[in-house]
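Asks: With the hints as your guide, set chain Y onto chain H.
Chains as they are written, first to last, in our numbering: chain H, 1 to 473; chain Y, 1 to 93.
Honestly, the hints are just simulated from the structure, not real lab data. Since we're looking at a predicted model, the values are computed, not measured. Note that beta-carbon positions come from the ideal geometry of N, C-alpha and C, so glycine has one too. Some hints could be false.
Which chain H residues stay away from chain Y? Per the calculated CB distances, all over 10 Å, these [unchecked claim]:
1. K37
2. E46
3. Y86
4. T238
5. G323
6. A340
7. L357
8. K406
Sample of chain Y residues at the chain H side, in silico, Cβ under 7 Å [what the hints assert, rightly or not]:
9. M12
10. L45
11. D50
12. S73
13. I76
14. K90
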Amino acid sequence: MIDLKNLTIQKAHEDMKSGVYTPTQLASAYLDVIKEKNADINAYVEVYDDVLEQAKIAESKFADGTATFMTGIPMALKDNMLRNGYIASAASNILKNYKSTYDAFVVKQLKDAGAIFLGRANMDDAAMGSSTETSAYGPTKNPLNTDYVPGGSSGGSVAAVAMDGALVALGSDTGGSIRQPAAFTNLVGFKPTYGAVSRSGIIAMASSLDQVGPIAKNVADAEILFNAINAHDPMDGTSASKELIGTIDKSPIKKKIGIPREFLKGDGIDADVLKNFDESCEKLKNAGYELVDVSLPLIKYSLSVYYIVQPAEVSSNLGRYDGMRYGLNVEAGKLFDVYAKSRGQGFGKEVLRRIILGTYILSHGYYDAYYNTAVKVREGIKKELANVFKDVDVIVTPTTPTPPFKFGAKSKDPLSMYMSDLFCVPANIAGIPAISVPSGLSDDGMPLGFQMMAPHFREDILFTIGKDFEKLV
Amino acid sequence: MQLEDIKKLAEMARVDMSDEQMSQMAHDFDGILAYVGQVQEAVKLVEENDANFTLNNVAREDVQTNRGGEYTSKIIEQFPDQNNGYLKVKQIL
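Isolated chain H, as found in the complex (with noise of 0.2 Å):
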């Protein structure tokens, strides 16, 4: 019997080498667990099945001398990312039946590792929602307490690594989708600086602020993780070139922290999560950090930028959803009708919402006092942050505003869902990488997280302070 349980990437490729179980055994052992626990937890909406096909081209890899980390590592793909001649859905009903054309970068980077991926895990509707309550494959469960939500949009891929259906897994976070969810799984959810990872085959939400990155159970999964899909591709225009990221300044952690005082006292901010938060920064203090507060006066406008911000990119980006060439096509008489069917009937509630509401803000009246105004703010944050980061390595807060809560708690009022992202918008908005770290027990024994920021390109700050809070809790 393999430990799954405490299991990390680093253990398991020394045992693959050393020939303590194979690739397959190891795949095996995930196939059996996904077996048992999937129908009650619905991580998974397919396993593939070519997953024992995949272990044998990483056994060729250990025995020819090229295996690399990541090679033989079972994983979970998030359902909006494209594996050639496989479905890939983003968990919504208009793409129920899209087979993909192509790999996805990341998917081809890691096929290349060797890396075996196990199936594609459950989302909330087009990455719309932050409690996987929204797909249409209904919804995923928390593994550590079934009558809770795991989370979202990522919660599939929370899920499968923390009932042990894979060692580690991707998702993609456009307002807190990795972070939110590794938290409420007592994971480590980490996302990277803008640019830093391509997103060619993901299938776009925001095309400003989406992002690919790792869940992992330890800042050094995550961080192998990263390294393996971390790599320029001109298909993406935004991805950033190696001249760029030299230009970047690296000089040495300073250990200070940077902590925005004023964010943390708005409304809906649990008790629990703030003593948690505060225990944190007094843990690191104690490790020879030094805490500053700092002061972000824009800040707590994030969610509102992001309200606009991102519905504007989802209704332009949904756009090419019509029925026509792929995906749901509902028979109509005319053109205009079969579009409006298959609209109407491909996409969920939460995404209808996010159409309209973006549409609303680009129209003609809307357009400067919605969405001009936001993209002001924005700079403005952005701005805002680059200087704090100046004097700090890094900005903490908690993940999220208040524990995991359980299924219907937010899903009938739209806002209350909203706010879970308070706290893991600004990263998105400002382009910065940012990593959720366990820090916990709310009062209800569900876990928290603990959230570090850090300027462009220094995923290197998050890693290291992030292992070093690892082992402080």
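Replies: Below, chain Y without anything else, positioned relative to chain H:
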């Protein structure tokens, strides 16, 4: 927001929804718009220089990036209706 406003937006966005769905949406929008409307207050705190947009668009060379016909059959396979490799659509009017 009124039901009529949502109806107009739904037509622009090419989505067919029931009146009930649209009424619920109109109701939800009031709270959401009040919340996101806070940007109008926030923008007063943004200094003139800081509001300048610092990003620029990236364009690639306008050249063919894949072999002709490389993806054609895979793409046609997904057409809901086709004739000799042409996508068939319904009449416009």
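Asks: If a hint holds in the structure, say so; if it does not, say that too.
Replies: For each hint, the structure was consulted:
1. K37: 33 Å, holds
2. E46: 17 Å, holds
3. Y86: Its Cβ never comes within 10 Å of chain Y, the nearest being 12 Å, so this holds.
4. T238: Contrary to the label, T238/H does not stay out of reach of chain Y, its closest Cβ about 6 Å off (not over 10 Å).
5. G323: About 7 Å separates G323/H from the closest Cβ of chain Y, which leaves it inside 10 Å; violated.
6. A340: A340/H is in fact no farther than 10 Å from some Cβ atom of chain Y, at 4 Å.
7. L357: Given a closest Cβ separation of 7 Å, the condition is violated.
8. K406: 21 Å, holds
9. M12: 6 Å, holds
10. L45: Since chain H brings a Cβ to about 6 Å from L45/Y, closer than 7 Å, the hint holds.
11. D50: Since chain H brings a Cβ to about 5 Å from D50/Y, closer than 7 Å, the hint holds.
12. S73: 10 Å, violated
13. I76: I76/Y check fails; min Cβ-Cβ to chain H is 9 Å, beyond 7 Å.
14. K90: With Cβ-Cβ at 5 Å, under 7 Å, it holds.
When held up to the earlier numbered hints, the structure conflicts with 4, 5, 6, 7, 12, 13 and fits the remainder.
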